[in-house]
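Undergrad: Sequence:
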Amino acid sequence: MDTLNMGGSLAPEGFHVFLADDSDDDIVLFREAFGAIDSRIRCAVARNGKEAVETLTALKREGRLPDLVLMDVNMPVLDGCSAVRILREDIPLDELAIVVFSSSDLLEDAEVVYRAGANACVRKPDTYDKWVEAIRAVVSFYL
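Numbering (our numbering), first residue to last: 2 to 144.
Calculated directly from the structure, the hints in this document are not laboratory data.
It is possible that part of the hints are untrue.
To be verified - Cβ pair distances, simulated, as ranges:
id: 1; residue 1: K131; residue 2: S40; range: 14 to 24 Å
id: 2; residue 1: E109; residue 2: V78; range: 16 to 26 Å
id: 3; residue 1: D130; residue 2: D106; range: 32 to 42 Å
id: 4; residue 1: S141; residue 2: D110; range: 37 to 47 Å
id: 5; residue 1: S104; residue 2: A138; range: 11 to 21 Å
id: 6; residue 1: E90; residue 2: D130; range: 31 to 41 Å
id: 7; residue 1: A59; residue 2: T128; range: 17 to 27 Å
Since the structure is predicted, the reported quantities are computational estimates derived from the model, not experimental observations.
Positions of the beta carbon are idealized from the N, C-alpha and C atoms, including for glycine.
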């Protein structure tokens, strides 16, 4: 897991986002979007669902859950829906916001994500500006 500390205006000091995504390109886009939105957002990254579950479970035990989790659906080792389902066994919906990002815009896929326990499902945007807009909306909602 790696961490990016970004030193801005939307996020209160110490707003922590946990990102689970296996795509280097998407991780760069998320980080650039965080920087464009507010430079104080801190981001930790897991590269697969298993790593996300293990890290978030440990953070829960330590009383240090992030303010928001952003989770990709399609990841190796353990997919995003399965990771959300496992996390929800110990971490209730109102204790941790988990927003799942997917390349799919099929309603059936969104239903699976919600049944797993995600707070929201967002389609991954296809342009940088739309990416920043989507992340800004999610971060603003969960602040």
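Undergrad: Could one say that the CB atoms of S104 and A138 fall in the range 11 to 21 Å?
TA: holds (18 Å)
Undergrad: Go ahead and decide if the range 17 to 27 Å is satisfied by the Cβ distance of A59 to T128.
TA: For T128 against A59, whose Cβ atoms are near 36 Å apart, the range 17 to 27 Å is violated.
Undergrad: Cβ-Cβ distance between K131 and S40: within 14 to 24 Å?
TA: holds (21 Å)
Undergrad: Hint says 37 to 47 Å; check whether the CB-CB distance for S141 and D110 agrees.
TA: violated (24 Å)
Undergrad: Given a hinted range of 32 to 42 Å, is it respected by the beta-carbon distance of D130 and D106?
TA: 18 Å Cβ-Cβ, so the 32 to 42 Å window is violated.
Undergrad: Does the Cβ-Cβ separation between E109 and V78 fall within 16 to 26 Å?
TA: holds (24 Å)
Undergrad: If you check the beta carbons of E90 and D130, does the distance land in 31 to 41 Å?
TA: This hint holds: roughly 38 Å between Cβ atoms.
Consistency note: the structure conflicts with the earlier hints numbered 3, 4, 7.
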